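Trainee: Residue numbers (my numbering), protein chains in the order written: chain U, 1 to 204; chain F, 1 to 172.
Hints in this document: simulated from the structure, not taken from any laboratory. Do not take every clue at face value.
Stated by the list, open to error - Straight-line distance between alpha carbons at most 25 Å, and here's what the computed BS3-like set of lysine-lysine pairs gives: (1) Lys147(U) <-> Lys32(U); (2) Lys147(U) <-> Lys82(U); (3) Lys32(U) <-> Lys173(U); (4) Lys93(F) <-> Lys54(F); (5) Lys20(U) <-> Lys93(F); (6) Lys78(F) <-> Lys20(U).
If you're wondering where the values come from, they're calculated on a predicted model, not measured in any experiment.
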Amino acid sequence: MEITQIAGFLGCGKTTLLLKLAEMIADGGKRKVALIVNEIGEIPVDGKIIEEGGMTMKDIGGGCICCEVAVTFGKTLVGLYKQFNPDFVLVEPTGVAIPHQVKSAAKMGMRDAKLTVGAAIVLFDATRPAELLDMDMLGNLVVNQLKDADYLAISKIDAVDPSELEGIANRVKEYNETAEVIFISAFTGEGLDQLAKIILDGEG
Amino acid sequence: MTDSTEVGNTDKGCYTDHGVSGYGVAVRLTSKQIMGENRVKEIAESMMMSIAEKCMDLGARAIGHIKSHIRTDCGTIKADTIGTAHGSYSSGKLEHPVKDLYVAINSIIQGIPEAAVKAATLEGIHEIADQNDIFVVKEKEHTYFDEFDFLMSKEEHQQQLEDQFKAGDEKE
């Protein structure tokens with residue numbers, strides 16, 4: 001059971017991407033895919049949207065899986081392993097989660113489940129780079145997310161001028177030189193094959 | 001088992017260190033006039049924008065996201081925004097016009113406390129409802145419309161939605 005997280009700040013397109021990747025990886029039922037969605041704000045709106053897509057989905061509320069409800073996350077992974085034994089679990093943390101802490105929380109499930117903690121794919125919203133990076137408190141959070149990325153996926157590229165993309169990539173690379181940068185659009189499908197391959201190959 | 005010290009502080013959410021607050025609420029809206037899919041989408045998008053504007057007016061530094069999920073007896077509509085400068089978007093389908101909307105809204109905002117997010121969210125809902133001659137019949141924090149049997153009749157489906165509100169009462 002391979003665990004991959006699709007992380008990134010609020011509103012960067014995680015839920016839309018998660019659904020598309022899950023369909024690609026499941027490939028019409030050839031592989032078993034389960035989804036875990038974590039939201040702050042008490043109401044699992046994302047979870048309901050995903051459920052309507054027909055996927056096996058567990059939503060974790062009541063806090064953030066990288067800290068407040070980390071133990072619940074570990075137990076949820078064990079429960080998924082025992083009930084469904086999926087090949088792949090795609091995790092959407094809250095938009096404020098710190099990816100390395102999500103990985104640590106996932107490892108808590110290793111005692112009772114045979115699982116591998118795979119890549120942290122961190123999305124960065126191409127439509128609002130300055131808004132995300134240039135504010136003190138918020139900027140620190142987003143930078144911490146970028147630093148933890150195994151892959152940096154610059155999202156919503158269909159919504160910005162292509163001439164801006166190199167500059168955006170250079171900005172995020174300032175915080176993480178080693179992560180590969182991938183340009184994606186869940187709307188056009190660009191870059192999604194590459195992300196699906198990363199998950200299928202267990203890279204990270 | 002991984003050393004729990006690797007996991008972040010579990011006393012409070014990591015997001016509180018970054019000034020991020022969240023608020024969720026479920027409401028039932030009822031209109032005397034039937035509302036078609038486009039009108040429901042317009043109302044949902046206006047609600048998202050109204051909440052976002054009110055959050056900014058109250059001192060928010062950024063909108064994380066404001067998302068809504070609207071259930072009816074003939075389909076669902078989703079609407080969201082990531083900020084006043086970004087507009088709001090909706091998707092989904094309704095098979096026919098409706099009078100009752102069961103709406104769940106999640107507002108995640110940076111720069112203002114939860115009480116302010118709550119105030120902006122509720123004011124935004126009521127403002128747009130008033131503008132569209134819609135009544136806010138029920139309002140319940142931290143409740144969601146969770147259990148459904150979609151093979152039931154529309155009357156029974158609506159009863160399930162109402163039961164979710166009652167379930168929330170019992171929990172409290």
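Trainee: Work down the list of hints and note, for each, if the structure agrees.
Mentor: Do the hints match the structure? See the list:
1. Distance check on the hinted pair: Lys147(U) and Lys32(U) sit about 30 Å apart at the alpha-carbon level, beyond 25 Å; violated.
2. Simply put, Lys147(U) and Lys82(U) have alpha-carbon atoms about 33 Å apart, too far for the 25 Å limit, and the pair is violated.
3. Distance hint between Lys32(U) and Lys173(U) is unfulfilled; the C-alpha atoms sit about 34 Å from each other, more than 25 Å.
4. The suggested pairing of Lys93(F) with Lys54(F) is violated, with an alpha-carbon distance near 28 Å, which exceeds 25 Å.
5. Taking the CA atoms of Lys20(U) and Lys93(F), the gap is near 19 Å; set against the 25 Å cutoff, the hint holds.
6. Restraint check for Lys78(F) and Lys20(U): satisfied, since their Cα atoms lie roughly 17 Å apart, inside the 25 Å limit.
Hint check: violations occur at hints 1, 2, 3, 4; the rest are consistent with the structure.
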